[in-house]
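Asker: Below are the chains, spelled out letter by letter.
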Amino acid sequence: MSDNHGTDVSVAEHGDTPEFPLPPHHHRITDTDPKAAKRAERQVAAMFGLSALCTIGFVVAYVAIPTDTFIALGPIGIVQLSNLVLGLTFGLAILLIGLGAIQWAKKLMADEEIIGERHPLGSPKEDQDAALAEFQTGLAESGFVERKIVRRTLIGALALFPIPLIVVLKDMGPLPVDSLNHTIWRKGSRIVVDVTGKPLRPEDLAIGTLVSASPEDLDKIQELEGNQNARAKASIILVRMRPSDIKSQQSPEGQTWDYQGILAFSKICTHVGCPIALYQQRQHSLLCPCHQSTFDLADGGKVIFGPAARHMPQLPITIDSEGYLVAQSDFQEPVGPSFWERG
Amino acid sequence: MSLIVKEAGKAISRADERAPISSLAKANLRKIFPDHWSFMLGEIALYSFIILLLTGVYLTIWFKPSMIEVPYHGSYAPLDGIPMSEAYASALNISFDVRGGLLIRQIHHWAALFFMAAMIVHMFRIFFTGAFRKPRELNWVIGGSMIMIGLLEGFAGYSLPDDLLSGVGVRIVAGIIESIPVVGTYLMFFIFGGQFPGSDFIPRLYTFHVLLVPGILLALVGLHLVLIFYHKHTQYPGPGRTNTNVVGYPLFPVYTAKAGGFFFVVFGVTVLIASIVTINPIWAYGPYVPDQVTAGSQPDWYIGFLDGMLRAIPPGWETVIWGHTISWNIFVPGLVMPGVLFTLLLGYPFIEAWVTGDTREHHLLDRPRNAPTRTALGVMAITFYGILVLNGANDIIAQMTSIPFNYITWFTRVGIVVFPPLAFVATRRFCLGLQRRDRDLLLHGRESGQVLRLPHGEFIEIHTPISDTEKAVILSKVDVPVIEAPPATDENGVVTPGLKGRRRRAKWSRFYFGDNVAKPSAAEIEAAAHHAHEEHDHEVEELTEGGKDIPARLTD
Numbered sequence: 001m002s003d004n005h006g007t008d009v010s011v012a013e014h015g016d017t018p019e020f021p022l023p024p025h026h027h028r029i030t031d032t033d034p035k036a037a038k039r040a041e042r043q044v045a046a047m048f049g050l051s052a053l054c055t056i057g058f059v060v061a062y063v064a065i066p067t068d069t070f071i072a073l074g075p076i077g078i079v080q081l082s083n084l085v086l087g088l089t090f091g092l093a094i095l096l097i098g099l100g101a102i103q104w105a106k107k108l109m110a111d112e113e114i115i116g117e118r119h120p121l122g123s124p125k126e127d128q129d130a131a132l133a134e135f136q137t138g139l140a141e142s143g144f145v146e147r148k149i150v151r152r153t154l155i156g157a158l159a160l161f162p163i164p165l166i167v168v169l170k171d172m173g174p175l176p177v178d179s180l181n182h183t184i185w186r187k188g189s190r191i192v193v194d195v196t197g198k199p200l201r202p203e204d205l206a207i208g209t210l211v212s213a214s215p216e217d218l219d220k221i222q223e224l225e226g227n228q229n230a231r232a233k234a235s236i237i238l239v240r241m242r243p244s245d246i247k248s249q250q251s252p253e254g255q256t257w258d259y260q261g262i263l264a265f266s267k268i269c270t271h272v273g274c275p276i277a278l279y280q281q282r283q284h285s286l287l288c289p290c291h292q293s294t295f296d297l298a299d300g301g302k303v304i305f306g307p308a309a310r311h312m313p314q315l316p317i318t319i320d321s322e323g324y325l326v327a328q329s330d331f332q333e334p335v336g337p338s339f340w341e342r343g
Numbered sequence: 001m002s003l004i005v006k007e008a009g010k011a012i013s014r015a016d017e018r019a020p021i022s023s024l025a026k027a028n029l030r031k032i033f034p035d036h037w038s039f040m041l042g043e044i045a046l047y048s049f050i051i052l053l054l055t056g057v058y059l060t061i062w063f064k065p066s067m068i069e070v071p072y073h074g075s076y077a078p079l080d081g082i083p084m085s086e087a088y089a090s091a092l093n094i095s096f097d098v099r100g101g102l103l104i105r106q107i108h109h110w111a112a113l114f115f116m117a118a119m120i121v122h123m124f125r126i127f128f129t130g131a132f133r134k135p136r137e138l139n140w141v142i143g144g145s146m147i148m149i150g151l152l153e154g155f156a157g158y159s160l161p162d163d164l165l166s167g168v169g170v171r172i173v174a175g176i177i178e179s180i181p182v183v184g185t186y187l188m189f190f191i192f193g194g195q196f197p198g199s200d201f202i203p204r205l206y207t208f209h210v211l212l213v214p215g216i217l218l219a220l221v222g223l224h225l226v227l228i229f230y231h232k233h234t235q236y237p238g239p240g241r242t243n244t245n246v247v248g249y250p251l252f253p254v255y256t257a258k259a260g261g262f263f264f265v266v267f268g269v270t271v272l273i274a275s276i277v278t279i280n281p282i283w284a285y286g287p288y289v290p291d292q293v294t295a296g297s298q299p300d301w302y303i304g305f306l307d308g309m310l311r312a313i314p315p316g317w318e319t320v321i322w323g324h325t326i327s328w329n330i331f332v333p334g335l336v337m338p339g340v341l342f343t344l345l346l347g348y349p350f351i352e353a354w355v356t357g358d359t360r361e362h363h364l365l366d367r368p369r370n371a372p373t374r375t376a377l378g379v380m381a382i383t384f385y386g387i388l389v390l391n392g393a394n395d396i397i398a399q400m401t402s403i404p405f406n407y408i409t410w411f412t413r414v415g416i417v418v419f420p421p422l423a424f425v426a427t428r429r430f431c432l433g434l435q436r437r438d439r440d441l442l443l444h445g446r447e448s449g450q451v452l453r454l455p456h457g458e459f460i461e462i463h464t465p466i467s468d469t470e471k472a473v474i475l476s477k478v479d480v481p482v483i484e485a486p487p488a489t490d491e492n493g494v495v496t497p498g499l500k501g502r503r504r505r506a507k508w509s510r511f512y513f514g515d516n517v518a519k520p521s522a523a524e525i526e527a528a529a530h531h532a533h534e535e536h537d538h539e540v541e542e543l544t545e546g547g548k549d550i551p552a553r554l555t556d
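Protein chains in written order, with my numbering: chain D, 1 to 343; chain S, 1 to 556.
Hints are computed from structural coordinates only; laboratory data are not their basis. Quick reminder that beta carbons are idealized off the backbone N, C-alpha and C, glycines included. Honestly, I wouldn't trust all of these hints.
As the list claims (entries may be wrong) - Calculated lysine to aspartate or glutamate pairs in the EDC-like style (CA-CA distance at most 20 Å, straight line):
#1 D:Lys170 <-> S:Asp200
#2 S:Lys31 <-> D:Asp111
#3 S:Lys26 <-> D:Glu19
#4 D:Lys35 <-> D:Glu117
#5 S:Lys471 <-> D:Glu19
#6 S:Lys519 <-> D:Glu19
#7 S:Lys134 <-> D:Glu117
#8 S:Lys232 <-> D:Glu117
#9 S:Lys31 <-> D:Glu113
#10 S:Lys519 <-> S:Glu470
#11 S:Lys134 <-> S:Glu352
#12 D:Lys220 <-> S:Asp468
#13 S:Lys519 <-> S:Glu458
#14 S:Lys64 <-> D:Glu223
#15 D:Lys107 <-> S:Glu318
#16 D:Lys106 <-> S:Asp468
#17 D:Lys220 <-> D:Glu113
#18 S:Lys232 <-> D:Glu113
#19 S:Lys26 <-> S:Glu7
#20 D:Lys106 <-> S:Asp490
#21 D:Lys247 <-> D:Asp299
#22 S:Lys471 <-> S:Glu484
#23 D:Lys187 <-> D:Asp330
#24 S:Lys31 <-> D:Asp178
#25 S:Lys232 <-> S:Glu491
#26 D:Lys187 <-> D:Glu333
#27 D:Lys302 <-> S:Glu470
#28 S:Lys232 <-> S:Glu137
Stated by the list, open to error - What follows is a set of in silico ranges between Cβ atoms, one per label pair, in the way DEER data are often shown:
#29 S:Lys6 <-> D:Gly49: 27 to 35 Å
#30 D:Glu112 <-> S:Glu447: 43 to 51 Å
#31 S:Trp62 <-> D:Ala131: 31 to 39 Å
#32 S:Glu484 <-> D:Glu112: 46 to 54 Å
#33 D:Asp129 <-> S:Glu491: 35 to 43 Å
#34 D:Asp129 <-> S:Thr469: 43 to 51 Å
#35 D:Leu139 <-> S:Gly316: 58 to 66 Å
#36 D:Asp129 <-> S:Leu443: 48 to 56 Å
#37 S:Leu54 <-> D:Phe70: 24 to 32 Å
#38 S:Glu17 <-> D:Leu154: 23 to 31 Å
#39 D:Thr32 <-> S:Leu443: 48 to 56 Å
#40 D:Leu139 <-> S:Gly339: 45 to 53 Å
Could you put the whole structure together from the sequences, leaning on the hints where they help?
Answerer: In structure tokens form, the structure reads like this:
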């Protein structure tokens, strides 16, 4: 028993014979009947032959079928014909090679199990000793142990050298500064419907409706200047409910942030930032499709279900001199998911 | 000597003048591999990976990893003129204007789903049969790492087309990164090149997906295979099989044909599925716009458990302390939990080795019943994982069953605590029951269902002895001794050194093996056989004229 066999549990060790021998080998029909063997041979050849035909079929289909032909295919639905035929021919060409090879192995190749011995995996003891001795010699020749100052400065240098590799990563992106705290909403920014860009008047919104909206200025920002970034924070939803249904708002004492029952909230979930637009009108609740955080818009946007920890930020709104809905100011708190510096 | 052999001989001898090819071939051409269907699971993973590399190269020919906005003017009419990123436009181009492009995209996506599924089921096989034990601990760690890396790689892959569905997924990941205390915001800004979504993420993710991660995976796959080759494959217990031999078929020709053929089968089936079943129809989702979302947003299945955990957190898990916000509701399920799970997973072989104090090499696989605590821990983990996967689809389930999603979420919140321990206890009892049955089979044989009435009126049931194959399998069980705690002090009243640690280990050892049913000794089996013979055999033989014909047959 070698050294690495620590516990004395009885188990077959190297060189033991098994208590039960390998059962006798049974011949297959293809081993005993030449006819059966011949049949198996024909099966294998047929599969390989069919595979070759399928490959030719693939090339024909590639040339013959344009990508813009679609066909209805029963329960599968409408499919791109090119994709279907190319896939079927190519798939069968490959599959038949595999099936042929396996059939060949199973029916015709020798199927008698062979017993091989396992050998101890580790190096023999004398090799271990020799290796250690070599290492010792090398170590002594290098002077790594005695020359402390060399060793220590080397360790220090090696510990420091990755710093530039990390420092250079600093310019992967700008520092956050306070960019997450603001959106492009300003005092007087008109609220426009996000698909049409049309500014909204209070009378455009019936009680019970929800509209996705954005600031008018958004379209003026070019894409390269961060239109998407601005959109990702400034999107809002407008809902209108009976003023008597509103239980609370986020506005401080003495201010109103709604306009005649029209409330504006950030569209970006305070959990991990999915845009929200599923509105259950009767309960005035807003549901995030990603993780089901649910917010009560009639009660200051507070969380009533799901993993979000904070209410949906409310945007203070009013109307301008021409009667269009506008923001009173930017959001009074950062929108979207929490972050360390949020406070 | 046939022509093939002659030519091969010539080629080898030319090669041999440059490298020791013959020595390699001599040692390995007839290397023996054991046979079992469950050994194909890892093969499926390997072959799916090769398919991914192959099809991935094709996709890079046409895909443009750029977030520059362009108007779309390709063949897909519903999106004509719509502004979108070049990435999305080129993914549409692959799907509609490159002949066979959609097929390659779909093969790539299906292969990714199979890759993850095969790796995970393969891991179950390794776990439940104890194949991770010495000397294969490192291969377990490599395999577990590949699952973790594969998960990231899959996420990166399906995020690249920049469609509305995957874009929301990226937004979620950005939110998860932001939740990391202290450095989260900075990390997010560095990864995205500024605020979300920015215009750097897709190009960066592309390099990550096609170069960095595949390189790492390829290296790990190589190492994994080299170790399998070097260790030689494990085998299931059975007649002729011991811990020191390997019984099976030679690499050449049987395994060359079988495993090589199986690669073509896996590839062929993947292609057929890809040609028939649509996967990830990005054109239906539309381009990503940060203020839009699709209802029923679902990640690919292997991300589902993380999403399920995010969804299960009750409201309000956030702390503001000294002006800083800690989002436990995101940080814990999104990063801490997967971190802990993968640490436990990768560390398991070492935990079990510590408990058993076992330093032997294991090449003969365990039957799951013979390691009841391990098996129960595995089933417990699968239950935990399964509940999370279900909760990751709570909106879909709610839609299909009209059970409100709130109930499903509450079921998860409670179930995640209640069901895994129940699964543990039930599995453990089940395994111990099977051990008792094995013992009975060895000692008394199998109930034949044939009941005899003896001349003096007694009814007996005839037991038929089990076959040698069954005996060999049952007797492969190794009775692991429970480590006992030492007495607190020795006979001289000296406190035993390391008492606390040794007691803890004894407790764990008892937890693992304390209830195991001991395998009957050879003497017990002999005595039982003798006893049965003494009791009835001569009477039965008389009645049945040597047991050929049973006269009194009762069914019950």
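Asker: Determine for every hint whether it applies to the structure shown.
Answerer: Structure-based check of all given hints:
no.	hint	result
1	D:Lys170 <-> S:Asp200	holds (15 Å)
2	S:Lys31 <-> D:Asp111	holds (15 Å)
3	S:Lys26 <-> D:Glu19	violated (31 Å)
4	D:Lys35 <-> D:Glu117	violated (37 Å)
5	S:Lys471 <-> D:Glu19	holds (10 Å)
6	S:Lys519 <-> D:Glu19	holds (15 Å)
7	S:Lys134 <-> D:Glu117	holds (18 Å)
8	S:Lys232 <-> D:Glu117	holds (10 Å)
9	S:Lys31 <-> D:Glu113	holds (12 Å)
10	S:Lys519 <-> S:Glu470	holds (14 Å)
11	S:Lys134 <-> S:Glu352	holds (11 Å)
12	D:Lys220 <-> S:Asp468	violated (83 Å)
13	S:Lys519 <-> S:Glu458	violated (31 Å)
14	S:Lys64 <-> D:Glu223	holds (18 Å)
15	D:Lys107 <-> S:Glu318	violated (65 Å)
16	D:Lys106 <-> S:Asp468	violated (25 Å)
17	D:Lys220 <-> D:Glu113	violated (76 Å)
18	S:Lys232 <-> D:Glu113	holds (16 Å)
19	S:Lys26 <-> S:Glu7	holds (17 Å)
20	D:Lys106 <-> S:Asp490	violated (64 Å)
21	D:Lys247 <-> D:Asp299	holds (5 Å)
22	S:Lys471 <-> S:Glu484	violated (30 Å)
23	D:Lys187 <-> D:Asp330	holds (7 Å)
24	S:Lys31 <-> D:Asp178	violated (64 Å)
25	S:Lys232 <-> S:Glu491	violated (48 Å)
26	D:Lys187 <-> D:Glu333	holds (15 Å)
27	D:Lys302 <-> S:Glu470	violated (64 Å)
28	S:Lys232 <-> S:Glu137	holds (14 Å)
29	S:Lys6 <-> D:Gly49: 27 to 35 Å	holds (28 Å)
30	D:Glu112 <-> S:Glu447: 43 to 51 Å	violated (35 Å)
31	S:Trp62 <-> D:Ala131: 31 to 39 Å	violated (53 Å)
32	S:Glu484 <-> D:Glu112: 46 to 54 Å	holds (47 Å)
33	D:Asp129 <-> S:Glu491: 35 to 43 Å	holds (39 Å)
34	D:Asp129 <-> S:Thr469: 43 to 51 Å	holds (44 Å)
35	D:Leu139 <-> S:Gly316: 58 to 66 Å	holds (59 Å)
36	D:Asp129 <-> S:Leu443: 48 to 56 Å	holds (49 Å)
37	S:Leu54 <-> D:Phe70: 24 to 32 Å	holds (27 Å)
38	S:Glu17 <-> D:Leu154: 23 to 31 Å	violated (43 Å)
39	D:Thr32 <-> S:Leu443: 48 to 56 Å	violated (40 Å)
40	D:Leu139 <-> S:Gly339: 45 to 53 Å	violated (38 Å)
Going through the hint list in order, the structure does not satisfy hints 3, 4, 12, 13, 15, 16, 17, 20, 22, 24, 25, 27, 30, 31, 38, 39 and 40.
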